[in-house]
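> Next come the chains, spelled out residue by residue.
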Amino acid sequence: MTALPSLILRTAVRWISPLLLLFSLFLLLRGHYEPGGGFSGGLIAATGFALLTFGYSLNTARRLLRVPPITLVAVGIGLSLATGILALITGKPFLTGLWVKVPLAGTVTLELGTPLLFDVGVYLTVIGATLTMLFEFAEE
Amino acid sequence: MGVSLALLGLLAFAAPWLAARLQQRFGYLAALVSGGTFVWFALQLPHVVGGAERLEELPWLPTLGTTLSLRLDGLSLTFALLITGIGALVALYVVGYLENHPRLPRFWTSLLLFETTMLGLVLADDIVLLFVFWELTSVSSFFLIGFADERPRARANAQQALIVTVAGGLALLVGLLLLAQQQGSFRLRELVTMGSLQPPETLITVAFLLILLGAATKSAQFPFHFWLPNAMEAPTPVSAYLHSATMVKAGIYLLARLHPVLGSHPWWQPSLLTLGLLTALTGAALAIPQRDLKRLLAYSTVSALGTLVFLLGLGDAGVKPFALFLIAHALYKGGAFLAAGAIEHVTERRTLDALGGLWRTAPVLAGATGLVVLVAAGLPPTLGFVSKEAILELGVETLSPLLLLPLLLAFVGQTTVAWLLLRPLLARPPESLHLHHAHWFSLLTGPMLLGLIALGGGFALDPLRSLIAAVIASVQGATPPPVKLTLWHGFTVALGTSGFILLSAGLIAAVWPRIAPVGDRLAITEPLAERPRGLGRLAPERGYQSLMSMVLRFADVQTRLLQNGYLRVYVTVIVATAILLIIVSVLRSGLTIPAPLPPLTIVDLLDAVLVLIIIVSSFVTVRATERLVAVAALGALGFSLALLYARYGAPDLALTQVLVDTLTVVLLVFAFYRLPRYAQLSSTPARIRDAVLATAFGVVMGVFALLVHFFRYPERISSYFAEQVYEAAHGRNVVNVILVDFRALDTLGEITVLGLAALGVAALLAVGKGARD
Chain Z
293 MTALPSLILR
303 TAVRWISPLL
313 LLFSLFLLLR
323 GHYEPGGGFS
333 GGLIAATGFA
343 LLTFGYSLNT
353 ARRLLRVPPI
363 TLVAVGIGLS
373 LATGILALIT
383 GKPFLTGLWV
393 KVPLAGTVTL
403 ELGTPLLFDV
413 GVYLTVIGAT
423 LTMLFEFAEE
Chain G
29 MGVSLALLGL
39 LAFAAPWLAA
49 RLQQRFGYLA
59 ALVSGGTFVW
69 FALQLPHVVG
79 GAERLEELPW
89 LPTLGTTLSL
99 RLDGLSLTFA
109 LLITGIGALV
119 ALYVVGYLEN
129 HPRLPRFWTS
139 LLLFETTMLG
149 LVLADDIVLL
159 FVFWELTSVS
169 SFFLIGFADE
179 RPRARANAQQ
189 ALIVTVAGGL
199 ALLVGLLLLA
209 QQQGSFRLRE
219 LVTMGSLQPP
229 ETLITVAFLL
239 ILLGAATKSA
249 QFPFHFWLPN
259 AMEAPTPVSA
269 YLHSATMVKA
279 GIYLLARLHP
289 VLGSHPWWQP
299 SLLTLGLLTA
309 LTGAALAIPQ
319 RDLKRLLAYS
329 TVSALGTLVF
339 LLGLGDAGVK
349 PFALFLIAHA
359 LYKGGAFLAA
369 GAIEHVTERR
379 TLDALGGLWR
389 TAPVLAGATG
399 LVVLVAAGLP
409 PTLGFVSKEA
419 ILELGVETLS
429 PLLLLPLLLA
439 FVGQTTVAWL
449 LLRPLLARPP
459 ESLHLHHAHW
469 FSLLTGPMLL
479 GLIALGGGFA
489 LDPLRSLIAA
499 VIASVQGATP
509 PPVKLTLWHG
519 FTVALGTSGF
529 ILLSAGLIAA
539 VWPRIAPVGD
549 RLAITEPLAE
559 RPRGLGRLAP
569 ERGYQSLMSM
579 VLRFADVQTR
589 LLQNGYLRVY
599 VTVIVATAIL
609 LIIVSVLRSG
619 LTIPAPLPPL
629 TIVDLLDAVL
639 VLIIIVSSFV
649 TVRATERLVA
659 VAALGALGFS
669 LALLYARYGA
679 PDLALTQVLV
689 DTLTVVLLVF
699 AFYRLPRYAQ
709 LSSTPARIRD
719 AVLATAFGVV
729 MGVFALLVHF
739 FRYPERISSY
749 FAEQVYEAAH
759 GRNVVNVILV
769 DFRALDTLGE
779 ITVLGLAALG
789 VAALLAVGKG
799 ARD
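Chains Z and G are the protein sequences, given in the same order. Using the working numbering, you'd call the opening residue of the first sequence number 293 and step up by one each time. Using the working numbering, you'd call the opening residue of the second sequence number 29 and step up by one each time.
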């Protein structure tokens, strides 16, 4: 699809798309405590690229994504699967969450767990799947 | 034993990589490894003959009580020697036969996989393990028959062999499990020492019949023999190895192995004798008129396999000739196939009438072929002679004429085939016969060596005697008296019969040019045609054909019905099924809605407005005459729904709903460019039907939601999750923790589906693009 001739849209997209990507990461990371998570985060990120497709062109969106979207699907599913296998290796049932405590300054500790990695996999899969469909449709 | 299996298996899996690098030389490596295992097995001979079995065990599925247990006794040692020895020669042969073939690595993988699994089959002591190897040999046979996969017939015949043997394999599995259940052990050695129950239980009879079915399909017994001549589509070394010397004897092996358990079953003798004789006769009769060298040999293999089953049916008396014939046949038939392949390789011809004069033009090849013929015809002093004398002696002395006569006829047929192999050497050479370049060392070592071993076997009777004794010990389940084996019996009735067979077979071979046209008229010299004529109309293969066409027709009907490609039909079926299932399960569960309904507690203006928007926009969606209107209305519906979610404490759901709706609208807008004009295609009755269905679904889902709402869970899962969410999963957002931790497996499934859907969309649009270009 050729770029829409709207200057307003282009200007807006130039600011909104990066913000949407940033917001998607925010949603992904806060998901464990507040509304959000990999699924909605992934959809937001996909929206960012959808806007780029509208405001600029399909090629711009493809170039900025850097990898073919279907690769993101493969990496995403692979990552989620790998976190499950990680649990198997440690002798726990498939997909059991594993946690480590990383001591930060003073008494503050950061708890990191495989569910976050799993959610990153979901995030990537959702972006990849949505954009695969979107780009295919947008292709003229 | 485990080491030799592992070594061969490793080589099979390394073949794609190694064969691509070593090219032809990989064949020498394969021959070396196979030959090495042969030597190892040969070194075990003194131990096994001395009565010391070799056992190896590895735990495999301990919870199921299955172990990787291997056992080497007389019977498995004989088979192991044949498998590895002939395997080595065949590997050497492939070097010359498939010289510079582009798909050699694939061939090696299948062939070595076969060798590994066949060896595993005869060594396995656990019946589950045995079955696994059994099926794997069928699979590798499938790949090898279909090796020339550009030929439709090779594909079809590979499929046929697979379906026949695997169907039998399924029967075998049930039979073996029944037997193991009834006798209380999965170990062959325990089953064998237990002996059979007297009188046998009905279940044992069923098990016996199923096992017999499995053995009969694998070993090409009548009426399942048809797959074997069709398997000749495989490259000739495969025919020599799998389809005459080893794999087709797996059924025979199993029957021999289970003889101590099932041999005293009252049905054993009658069924094996009948099956064996029928097969031996059918194979012999169909072999004689064949023009194609390989089909000729294939039918005579069928006949020989029948003979082996017959000998097993005779019980203890038949075991000695059985063991002798087993070894002799593997040697000469493997050799005959290899010789026939060499003839084909240098002349590029395979039909008997088109060949001749090779003794002058290719003397070494003719010599190798002649040597094999000596053994196959059973001339003294070869092993072929010794084995045939043993059978005839038993037959003449103990069998009733009713059994003896068909057996002799089968022998005449098999001997005729041996004589016919001389035609390419001695017949008048046809005008245009040219010899092509050949890798003589590789092509002739196999048949030469097999022929020489069979020739020398007649003299080296001492090691043979002890091996035969060990086989008899395994098959009879008891130590036998010393085995008598002599090359020369003096002028006995058996010798006279043998001479008579040789003579009459020679006569038939001499008038063969008159017999072959009869075979043509009866339509038995060609593969079964689409529309069979002559005897082809009676061929058991037609049963297979009609079964397969029935399967295809059924698949066709059910595909048209269920997979017709119309999205509207799929949606209708899915919705209707869902309605039905929900109604049935709700009625069965006995859930009720309390009557009267408690009054609605939270009704404010915003809720009412949202509900109103949802209702109105769903009507607008359905009645819209323009696509953009429909999409916009659908969007309005989705956003209102999302607002409702947000108001009733499901922010995650609301967020996702909004995003999904946004992206759906975006996707639809893109898709507009591709869609045809928005037209009303459904007739009024169809629309009414759809309306009824949609309303029914809505009502059912509504009632269902109410039912669930009023159902009192004895223990609420949500409170458990709420408790555990911070304790166990270190999170506060229950919804997300459920998604990524508690029920992560579901999510993994969902994202896989999502990825597949994306792939599907991409593939469909790519197809559309291709169609437009």
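No wet-lab data here; the hints were simulated from the structure. Any given hint could be a false lead.
The calculated label-pair distances, taken between Cβ atoms and stated as ranges, are [said to hold, decoys possible]:
#, chain 1, residue 1, chain 2, residue 2, range
1, Z, R322, G, L792, 49 to 57 Å
2, Z, V394, G, L589, 44 to 52 Å
3, Z, R322, G, Q209, 51 to 59 Å
4, G, Q209, Z, L390, 21 to 29 Å
5, G, R702, Z, L390, 40 to 48 Å
6, Z, K384, G, L60, 42 to 50 Å
7, G, E778, Z, L396, 49 to 57 Å
8, Z, T352, G, G796, 40 to 48 Å
9, G, F700, Z, L390, 45 to 53 Å
10, Z, L396, G, L792, 30 to 38 Å
11, Z, W307, G, R655, 26 to 34 Å
From the derived model, a few chain Z residues whose C-beta atoms are all more than 12 Å from chain G [to be verified]:
#, residue
12, L313
13, T352
14, R355
15, I381
Every value quoted in this text rests on a predicted model; they were computed, and no experiment measured them. For glycine and all other residues, C-beta sits at the position ideal for the given N, C-alpha and C.
> The structure should be examined with respect to each hint, and the outcome stated for every one.
Hints, verified against the model:
no., hint, verdict
1, R322/Z <-> L792/G: 49 to 57 Å, "violated, 36 Å"
2, V394/Z <-> L589/G: 44 to 52 Å, "violated, 59 Å"
3, R322/Z <-> Q209/G: 51 to 59 Å, "holds, 58 Å"
4, Q209/G <-> L390/Z: 21 to 29 Å, "violated, 43 Å"
5, R702/G <-> L390/Z: 40 to 48 Å, "holds, 46 Å"
6, K384/Z <-> L60/G: 42 to 50 Å, "holds, 46 Å"
7, E778/G <-> L396/Z: 49 to 57 Å, "violated, 34 Å"
8, T352/Z <-> G796/G: 40 to 48 Å, "violated, 24 Å"
9, F700/G <-> L390/Z: 45 to 53 Å, "holds, 47 Å"
10, L396/Z <-> L792/G: 30 to 38 Å, "violated, 50 Å"
11, W307/Z <-> R655/G: 26 to 34 Å, "holds, 32 Å"
12, L313, "holds, 14 Å"
13, T352, "holds, 16 Å"
14, R355, "holds, 19 Å"
15, I381, "holds, 16 Å"
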